[in-house]
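Undergrad: Letter by letter, the chains look like this.
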Amino acid sequence: DQQVKQNSPSLSVQEGRISILNCDYTNSMFDYFLWYKKYPAEGPTFLISISSIKDKNEDGRFTVFLNKSAKHLSLHIVPSQPGDSAVYFCAASARGIQGAQKLVFGQGTRLTINP
Amino acid sequence: NAGVMQNPRHLVRRRGQEARLRCSPMKGHSHVYWYRQLPEEGLKFMVYLQKENIIDESGMPKERFSAEFPKEGPSILRIQQVVRGDSAAYFCASSPRRGDGYTFGSGTRLTVV
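Chains as they are written, first to last, in this note's numbering: chain A, 27 to 141; chain B, 16 to 128.
Rather than coming from a laboratory, the hints here were simulated on the basis of the structure.
Quick reminder that beta carbons are idealized off the backbone N, C-alpha and C, glycines included.
Do not rely on the hints blindly, as some may be mistaken.
[Said to hold, decoys possible] Which stretches of chain B does chain A cover? Using the computed rule of at least three CB atoms under 8 Å from a CB of chain A, they are:
#, stretch
1, 78–84
2, 88–102
[Said to hold, decoys possible] Partial list, derived from the structure: chain B residues whose beta carbon lies under 8 Å from chain A:
#, residue
3, Gly31
4, Glu33
5, Gly57
6, Phe106
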């Protein structure tokens, strides 16, 4: 039962263009969403998050959009840089539920930025 | 201010042996989480601990796996009688308070031969 899905295993984008990574979820109890970036042989690094009371959150080159009715979120990176090449994980949690602390991760999308 | 420290980085065990994975949270962090990443998959929650207490172990396999976070010292994830299917990357994360964002360690890569 995959509650968080990233349907694109890989994405290749030209340097300077926009990268759009997508994520779908099925559990309507999720109220907090995060994106993590992971390099090989390292742990995931937090990038950006969004609460379900918002539909957009922006931090520098990174913007996350949330469409609750479609149970869909996306991460936009613009402009894309070679250092952005990594695996990106979408994660969700149900923070509103007492004691709920665990994150549910998608399978990841490998982003490659071509010079 | 060191980050989350996990050791060893790589661990090789023969089938039937025990594996002990250690995690020292960031200074000031009293909440620890363990996740497992199987090849080509996302991270899966295993267990959430505070000092001396297991808060949520809903992701832990029912047998062979245990975790602790003693009053002094690192958190330990223990896998008894390892099997090939236990081969994975095990990540620890910590946070200062419940509900705060995590900081992940670099992981321990367990290989069972």
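Undergrad: Now look at each hint and say whether the structure bears it out.
TA: Results for each hint:
Coverage of the stretch 78–84 of chain B by chain A is violated. Counting CB-CB distances below 8 Å, 0 residues qualify, and the rule asks for three or more. With 0 residues carrying a beta carbon less than 8 Å from a beta carbon of chain A, the stretch 88–102 of chain B misses the three-residue requirement, and the given coverage is violated. Proximity of Gly31 (chain B) to chain A is violated relative to the hint, the smallest CB-CB distance being about 27 Å (cut-off 8 Å). For Glu33 (chain B), the interface hint is violated, the least distance from its beta-carbon to any beta-carbon of chain A being 24 Å, above 8 Å.
A distance limit of 8 Å between C-beta atoms decides the matter here; for Gly57 (chain B) the minimum to chain A is near 4 Å, and the interface restraint holds. Hint on Phe106 (chain B) holds. Least Cβ distance to chain A is approximately 5 Å, under the 8 Å limit.
When held up to the earlier numbered hints, the structure conflicts with 1, 2, 3 and 4 and fits the remainder.
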